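Given these sequences and hints, build the entire structure.
Which chain is which? The protein sequence lines are W and P, in order. Using my numbering, you'd call the opening residue of the first sequence number 4 and step up by one each time. Using my numbering, you'd call the opening residue of the second sequence number -7 and step up by one each time.
Hints were generated in silico from the structure; no laboratory data involved. Be aware that one or more of the hints could be misleading.
As the list claims (entries may be wrong) - If you want the ones that stay clear, here's a sample from chain W, every Cβ over 12 Å from chain P, calculated:
| no. | residue |
| --- | --- |
| 1 | L10 |
| 2 | L76 |
| 3 | G115 |
| 4 | Q116 |
| 5 | R132 |
| 6 | W140 |
| 7 | L144 |
| 8 | L153 |
| 9 | P159 |
| 10 | L169 |
| 11 | P185 |
| 12 | A190 |
| 13 | A191 |
| 14 | L193 |
Unchecked claim - Each pair of labels, with its calculated beta carbon distance range:
| no. | chain 1 | residue 1 | chain 2 | residue 2 | range |
| --- | --- | --- | --- | --- | --- |
| 15 | W | A7 | P | P131 | 49 to 59 Å |
| 16 | P | G194 | W | T180 | 41 to 51 Å |
| 17 | W | A25 | P | P5 | 23 to 33 Å |
| 18 | P | A190 | W | G195 | 30 to 40 Å |
| 19 | P | G138 | W | A22 | 48 to 58 Å |
| 20 | W | R133 | P | L31 | 27 to 37 Å |
| 21 | P | D78 | W | V192 | 47 to 57 Å |
| 22 | W | R211 | P | F175 | 52 to 62 Å |
| 23 | W | R133 | P | L134 | 40 to 50 Å |
These numbers were taken from a predicted model, which means no experiment stands behind them. We treat Cβ as the ideally placed atom computed from N, Cα and C, and that holds for glycine.
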Amino acid sequence: MLTASMLLDLLTGVATTVAVSAIAIAAGVPLGLLLALGRSAKMPMLGTACAIYASFVRAVPVVTFVMLIFFGLPALGMSLDPLPAAVIALTLNTTAFNSEIWRAAIVDFPRGQLESARAFGMTGPVSFRRIVFPQIWRASLPSLVNEMTLLIKASPAIAIIGVVDLTRKARQIAATTYEPLPPFLAAAVLYGLALLLLVIAARTLERRLRVRLGRL
Amino acid sequence: MNVRLDVIWHELPQFAIGLGNTVWLCAVSMTLSLVLGGLLMVPLMSRHRVVRGTAQAIVDGGRCVPFLLLTYLVYFALPSLGLTVDKWSAALITLVVYNTAYMAEILRGGWAHLPAGQTDAAHAFGFTGLKLFRRIILPQVLIAVGPVIGNQLIQLIKDSAFLSIITVPELTFAANAVQSYYFVPFESFLFATLLYWALCGGVEWLVHRGEKYASIVRLPRD
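What follows is the structure, given as structure tokens:
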């Protein structure tokens, strides 16, 4: 049986999962945009480096990546506590995926608009801030939210380095009570609720934007 | 620090076994869940609202559960229901159950985008039921969703790394074993991640080849 104290215990795991994911998302979305801009910048070395980073990180399992950061970096002389290592690993991971989303929006951006912006005397940074960005962030929003849900589902990977997130908390409760089913099912429901809330929030935001600013 | 590539070279067989296990686990479970996903597609496209709603709820619910949590459910919670599984069966069950929800949704999406006129035309030519599904719908759906299935296979390969936590000797487990024996964490995990990169790159290449082939056999739409 799932008691109230167990549920409270699980909720501390929820707090860790939400906090770590939220930091990774908050940092990873703008960093992804920077990486995408780095790729589309006309600097040969930078573009290649950004492309290799995105390709490599997207192909690596999050668990393996977390272990590479946590166990591997100290060997290079950079020691990290589990929690910062978890945040860094998830941020670096989601940055790579977000960069692909931003890049797709940048590549799809109509050239004519850029040319008219230049004709109106806008410099590169100004036209990016006033013309490009307000449109690409709306175009990218659904894909970015989709990547956020994927990140939350990959976040149990941080349990392997000892961060007590929702999944590890459920595992601990299962190990102490010898009744694995209730905590695991409760954790599954909590993940489902978290993802549902995120998706509902995103859809509401998209609808409001459509009402206020019209269709894209 | 000095990079100890000699250890990696020396332990190459262990990495090879790990990579081999990752490959066959993912290949077998992908094949199984493609079949199961195809079967699930039928209730998902049903005309009855209750049938369709129930199937959709199961698929959507399944896609909300993180892979590691599902692994724990299968490996630790099934025994409490009287169904003991060893780590290999647990690995396969988890991979198949997890992936089937995604495959069903992918295939459903492919079917939903099929022009309705096709089914009507097939009806007019006397195709019904299973024959209609097998000869008209399924081949086109598979060609249409080929690249998405490739992406899902890459996702599955990456998720399979979680299986190292229940001590399935796949690639990440092998890397962890080598690093803890020789204490070469950086070299070991970096080598494993490079192998994953190559494996996922290989899948992408295959999908690309498949798309080229499909563009030859595909009939013009509409």
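Consistency of the no-contact label for L144 of chain W, given chain P and a CB cut of 12 Å
With a cut-off of 12 Å, L144 of chain W remains clear of chain P, as the shortest Cβ separation is near 20 Å.
Beyond 12 Å from every Cβ of chain P: is that where the Cβ of L153 of chain W lies?
violated, 9 Å
Between the beta carbons of A7 of chain W and P131 of chain P, is the distance compatible with 49 to 59 Å?
holds, 54 Å
Take a quick look at R132 of chain W and tell me if its Cβ sits farther than 12 Å from every Cβ on chain P, holds or violated.
Holds, because the least Cβ-Cβ distance between R132 of chain W and chain P comes to about 33 Å, which exceeds 12 Å.
Does the Cβ-Cβ separation between G194 of chain P and T180 of chain W fall within 41 to 51 Å?
holds, 44 Å
Claimed clearance of chain P by W140 of chain W, with the beta carbon kept past 12 Å:
Answer for W140 of chain W: holds, closest chain P Cβ roughly 24 Å.
When you take the CB atoms of D78 of chain P and V192 of chain W, is the distance between them in 47 to 57 Å?
violated, 28 Å
Note whether the CB distance of R133 of chain W and L31 of chain P lies within 27 to 37 Å or breaks it.
52 Å Cβ-Cβ, so the 27 to 37 Å window is violated.
Hint says 23 to 33 Å; check whether the CB-CB distance for A25 of chain W and P5 of chain P agrees.
For P5 of chain P against A25 of chain W, whose Cβ atoms are near 43 Å apart, the range 23 to 33 Å is violated.
At 12 Å, judged by beta carbons, does A191 of chain W keep clear of chain P as stated?
violated, 5 Å
Does the Cβ pair R211 of chain W, F175 of chain P satisfy 52 to 62 Å?
For F175 of chain P against R211 of chain W, whose Cβ atoms are near 54 Å apart, the range 52 to 62 Å holds.
When you look at the beta carbon of Q116 of chain W, is every beta carbon of chain P farther off than 12 Å?
Answer for Q116 of chain W: holds, closest chain P Cβ roughly 29 Å.
The structure is inconsistent with the numbered hints 2, 8, 9, 10, 11, 12, 13, 14, 17, 19, 20, 21, although it conforms to all the rest.
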